[in-house]
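Participant: Quick one: dock chain against chain with the hints and give me the complex.
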Amino acid sequence: MKASPGDRVDLRAPGKTERLDVINVVYAPIPMDPFREPPGAESKPKVEGP
Amino acid sequence: MRTKRPLREPVREEAGPRLKNYITPAGLQRLKDEHRFLLSRERPAVVAVVSWAAGNGDRSENADYLYGKRRLRQIDSRIRFLTQRIDAAVVVDPAASRPRSAATRVFFGATVTYKDAVGPNMSSRSSASMRWTSIAVTSAGARLSPMR
Numbered sequence: 001m002k003a004s005p006g007d008r009v010d011l012r013a014p015g016k017t018e019r020l021d022v023i024n025v026v027y028a029p030i031p032m033d034p035f036r037e038p039p040g041a042e043s044k045p046k047v048e049g050p
Numbered sequence: 051m052r053t054k055r056p057l058r059e060p061v062r063e064e065a066g067p068r069l070k071n072y073i074t075p076a077g078l079q080r081l082k083d084e085h086r087f088l089l090s091r092e093r094p095a096v097v098a099v100v101s102w103a104a105g106n107g108d109r110s111e112n113a114d115y116l117y118g119k120r121r122l123r124q125i126d127s128r129i130r131f132l133t134q135r136i137d138a139a140v141v142v143d144p145a146a147s148r149p150r151s152a153a154t155r156v157f158f159g160a161t162v163t164y165k166d167a168v169g170p171n172m173s174s175r176s177s178a179s180m181r182w183t184s185i186a187v188t189s190a191g192a193r194l195s196p197m198r
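If you're matching them up, the sequences are chains A and F in order.
Going by this note's numbering, the letters in the first sequence line up with residues 1 to 50, in that order.
Going by this note's numbering, the letters in the second sequence line up with residues 51 to 198, in that order.
This list has only true hints and no planted wrong ones.
Keeping only pairs whose Cα atoms sit at most 25 Å apart, straight-line, the calculated BS3-like set for lysine-lysine is: (1) K2(A) / K70(F); (2) K119(F) / K82(F); (3) K82(F) / K70(F); (4) K119(F) / K44(A); (5) K2(A) / K16(A); (6) K44(A) / K82(F); (7) K165(F) / K16(A); (8) K165(F) / K2(A).
Here are a few chain F residues that face chain A, going by a calculated C-beta distance under 8 Å: (9) R80; (10) E84; (11) V99; (12) R148; (13) A160; (14) V162.
The hints are simulated quantities; they were obtained by calculation from the structure and are not laboratory data.
We put the beta carbon where it would ideally sit given N, CA and C, even for glycine.
Chain F with its partners taken away, still in its complex shape (with noise of 0.2 Å):
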């Protein structure tokens, strides 16, 4: 006679060093407008196509069943990703004034005018090619320190 199995208990990940997410107003507001779309918007239609193509029977062949949760994973996921986002974030706005030791030193937000080997390029933010108008905090670029 064969046992039952206990049942797996789920795996917990380890609770990771929560990284802030420097951003600024407008970005703040462009991730809330997504996650807004995804969530009142592109949801419920992807979820009334699924729902109707789920009433025409036979699911393991209907294109419209199958990826239409296909898709729902794909808002799922990314709704879980903008919700962690929005929860991180720090707000910086680049205009706001700051004391003088601050305004002079690159932090977030900050544009910076600097000369390579080719000649004088703008940067805000700063990546591997720095003739991008705007590069993440969490770049190489971003991550330099004077030499010494």
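Excised from the complex, chain A in its bound form (with noise of 0.2 Å):
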């Protein structure tokens, strides 16, 4: 993107094309949630019926 507060930019989107204006760049630690194993898992012990 290489945009910098203050610039103005175009997102031509499929819906729409919009205008944003930049305010402010930071560079921060992203949020992540850990890799989970899916719950239909073969390796999953399998929980046995009532």
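Facilitator: Below you can see the structure in the form of structure tokens.
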């Protein structure tokens, strides 16, 4: 993107084109969930029914 | 008398340009965890089911065998995808210090506050719906350049 604060950018999305004003740019850690085993995994121990 | 047809050579795909896969340390760790899970736990478990099902005889109407084989193909495909992404990964830590000129411009990992017709929003990495918190680096929003 290479824009900096004060720049005006054009976002050409499929629906419409939007004009955005960049107000502030910071670099901070981005929160991310850790990998979790999918619920239907074959390697998960099978729970026996009642 | 029929002549033997020559074996066909495998069709090799042209090597395309290798794109860099910019990724955060946490993102790379997540890919590695999934890769390790599929390779060391999920695949062996599915292989065990398939080999048990194969031992039961007639494979053509054996659902455990057929679905197990299909699941194996899906797992292998995902493992290949993850391997490529991990190999092409270029780790960029958004929290790392950078020169002042780069710290105020939008590159991968930036958290951007912007204003549109509705009002101020916040987005990191930037997609079509700008209300999203995170957007892909290859999305339309991430490829914006200042208007001249």
